[in-house]
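Start from chain A and add chain B according to the hints.
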Amino acid sequence: MTKTPMLSRVADSLFWMARYLERAEHTARLLDVHLHSALDLTPAAANRRWRRLLTALHSPLASEHVSPYAITQALIFDTTNSDSIAACITAARDNARQVRERISSEMWEQVNRLYLYLRTTSMEEMWTGEPHLFFRSVKEGVHLFQGITDATLSHDEGWWFIQIGRYLERAMATAALMDVHFCTLDSQDATTLDYFEWVALLKSCTAFEAYCKVYTASVHPEDVAEFLLLNAEFPRSIRFAADMIQEAAQAIGQSGARHAMARVERLAGRLRAALDYGQVDEIMMDMHTYLMTIRRMCAQVHDALYQACISYSADEALR
Amino acid sequence: MFVSYDVDIAYDEMFAAPGQPRAQYLPLYDRLASLSAEELHRRQRAADAAFLNQGITFAVYGHGDGTEKIFPYDLIPRIITAAEWSVIERGLTQRIVALNMFLRDVYHEGRILADGVVPRELVYSCRHYRREMRGVHVPRNVYIAIVGTDLVRDADGRFLVLEDNLRVPSGVSYMLVNRQVMKRTFPTLFDRYNVRPTDHYGQALLETLRALDPLQRPDPTIVLLTPGVYNSAYFEHTFLARQMGVQLVEGRDLLVHDNRVYMRTTAGLQRVDVIYRRIDDDFLDPLAFRPDSALGVAGLFNAYRAGNVGLGNAIGTGVADDKAIYAFVPRIIRYYLGEDPILPNVDTYLAYNETDRRYILDNLDKLVIKAVGESGGYGMLIGPHSTGEQREEFRRRILADPRNYIAQPTVMLSRAACFVDGRVEPRHVDLRPYILYGEGVVIVPGGLTRVALRRGSLVVNSSQGGGSKDTWVLND
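In the order they appear, the protein sequences are chains A and B. For the first sequence, position 28 (counting from the first letter as 1) is numbered 28 according to the working numbering, and the numbering increases by one without interruption. For the second sequence, position 73 (counting from the first letter as 1) is numbered 1073 according to the working numbering, and the numbering increases by one without interruption.
Hints are computed from structural coordinates only; laboratory data are not their basis. Worth double-checking, as some hints may not be accurate.
[What the hints assert, rightly or not] Here are the in silico distance ranges between beta carbons for each label pair: (1) A:Tyr-117 to B:Asn-1194: 47 to 53 Å; (2) A:Asp-150 to B:Gly-1055: 20 to 26 Å; (3) A:Arg-136 to B:Ala-1298: 44 to 50 Å.
[To be verified] Simulated crosslink set (DMTMM-like; lysine to aspartate or glutamate; CA at most 20 Å straight-line): (4) A:Lys-203 to A:Glu-222; (5) B:Lys-1069 to A:Glu-109; (6) B:Lys-1069 to A:Glu-106; (7) A:Lys-203 to A:Asp-223; (8) A:Lys-139 to A:Glu-106; (9) A:Lys-139 to A:Glu-109; (10) B:Lys-1069 to A:Glu-101; (11) A:Lys-203 to A:Asp-40; (12) B:Lys-1069 to B:Asp-1048.
None of these values were measured; they are calculated from a predicted model. All C-beta atoms, glycine included, are put in the ideal place defined by N, C-alpha and C.
With the rest of the complex left out, here is chain A (with noise of 0.2 Å):
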């Protein structure tokens, strides 16, 4: 029996999907981090604070105007701010919908209880209450999705697609967040204030109990960049994300065999490469251009993939 190839449109709803969980997690952990570490802070630092997490998170908001009640309610519950925690998991669920009868039963009612979870939360009850819970919510619903994912949904091209949109998004994420820590403090030299920066960025990658593992609680930018660029075992490191990239890449490229999916698999491993010979000592020279060719890399391999499989010119496509 020959096996029917996915429909371009459902690859393209399982991407999305997955993509869209990927950031409501994303954001989820740095406003939990944030919250929890301003606490500590000056006015004035907690403010360069907000300031660097809008960056981050590639918000319009001006910190400056408004008060982290409502910077904090934009980032999660505002449906008009497409990055919002409650506007991606709606366009998760969306996506879910649109391939109901492709994905399990299962993996749709764990992104459906997500879904009324935020819709049921309000902000003035999640503000007043224990924020930290509310957080730790949303991480473990999408970390639940994923498990069940796995271990429910037939590990065949479908869910490939699935893990390269989770594995792009967290890349390209991981490299906007240490962009701007990078940008904004002074790297050479670890002060006791910027020690709390630093261990907050690792915080955000829920990399501090890793990173203390291989590198002890001293806390040096260089070994931070290391950690979160270069470790390969480490899941929410780049060259993690891009290992799983370029396997997601070739898995996809054999599930049909078509010349296409050659581009997006060599983008993909050079990617790769570009992170497996990297060398920390050189990249610190000048880490924000190293940096931005990563996120051009994964935009590249991103736009490939749609040409390859999903967003093809039908004219191309028939010569």
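Showing chain B alone in chain A's frame:
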């Protein structure tokens, strides 16, 4: 269990007379009489849970939060004997073959119109008549490949045809799932019965669609075209696609290039040979029909006309299930086949016809008035239950547009035993068997028995409080 069961003038499916079950119902009656109400309740809950867990639900419109409900299901099967089924099967086959010949004729030579058997004006004024289909060759000359015909039973127990659904009939998934759920939750009821299976419907549907491939290639690519997840029948679309092992596509997954239809896959464009479309004619192709439709595929009609793709059903079949044309079906059968109809029609008066119109207007309080283009119980006046004001309203409408109205006497639908509020009580039912027409006519033995769950109600539509039950066709 049967204490409050009354037998009135309507034909009763289970009882020949009060306390006297018909022979085919005797084992079932004995079994039910031996069970407690709690036992039946338990089975009912298990069945409801099975529907919910399998996601056999329809969306409740107007709620964004994913609220869904199940189509009510009644535990007690409806039984059709082999002799009764044989009449239904022959009658439906005869009717579908004749209606198909009628469609071919109307869109080609128009012999039946020239001979004055069906008024030309009635055909051309039908809202579902598609001028674009004139002279178009349809694979195998099969216009109506998938049909669901509504049958009712009069007080004498005769099966009558109430309506032909020749466009996009739905509900077959419930026929199949009702049986699956019945087998799972109440297997003991099947003891002492020899019920004909329905499981092969998916395969039979696939064979029918294969037959529509205009190029007759050995392994044609077949797809099911759905309007999308927001359609109330979306569950059925996913169910049938799975049963057949074909892709479930939306309009945006397809494109037409050089009069050929392709679907977009991750491995590139793949040629499509046959489309089982669950989208109405109007929305099928924005270039040929409604230009504001976002559900269809631009250029599909030209690809069809060029003979590069098969469609089930063909375009323009609605002209043959128009309620005014319905009145002519017995004459259509005699005209093409030279046979008397095996399944009679319900008496029908056409407001279009002057003598009929006078009769209708004089008897508005006794008749059921229907608008010809509507379905699902909309645009209807039920005379005996109407107010003077409503009758005046319909009198005005009929005089303004006589072509658009027909009238029928109130049919007393037969009643079947249902489990309601802890007791077994009779409720009115109809029957929709599903007919497939590819290489030949195939009717999977069974159908969807729809139940008017409100006591005394004659309306079985799901939008108006209807439910359904499993339908057993027995072997000899």
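When you check the alpha-carbon spacing of Lys-203 of chain A and Asp-40 of chain A, does it fall within 20 Å?
15 Å, holds
Within a Cα-Cα threshold of 20 Å, do Lys-139 of chain A and Glu-106 of chain A meet the stated pairing?
18 Å, holds
With the threshold set at 20 Å, check whether the alpha-carbon distance from Lys-1069 of chain B to Glu-106 of chain A stays at or below it.
18 Å, holds
Does the structure keep Lys-1069 of chain B and Glu-101 of chain A at a Cα separation of 20 Å or less?
18 Å, holds
Is 47 to 53 Å respected by the C-beta to C-beta distance linking Tyr-117 of chain A and Asn-1194 of chain B?
51 Å, holds
Could one say that the CB atoms of Asp-150 of chain A and Gly-1055 of chain B fall in the range 20 to 26 Å?
22 Å, holds
Within 20 Å, alpha carbon to alpha carbon, are Lys-203 of chain A and Glu-222 of chain A?
16 Å, holds
Decide if the proposed pair is consistent with the structure: Lys-139 of chain A and Glu-109 of chain A, CA atoms, cutoff 20 Å inclusive.
16 Å, holds
Is it true that the C-beta distance of Arg-136 of chain A to Ala-1298 of chain B lies inside 44 to 50 Å, as the hint says?
49 Å, holds
Can the restraint linking Lys-1069 of chain B and Asp-1048 of chain B be considered satisfied, given a maximum Cα separation of 20 Å?
10 Å, holds
Hinted pair Lys-203 of chain A and Asp-223 of chain A, Cα distance within 20 Å:
This hinted pair holds, its Cα atoms lying about 14 Å apart.
Tell me if the straight-line CA distance from Lys-1069 of chain B to Glu-109 of chain A falls inside 20 Å.
16 Å, holds
Going through the hint list in order, the structure satisfies each hint without exception.
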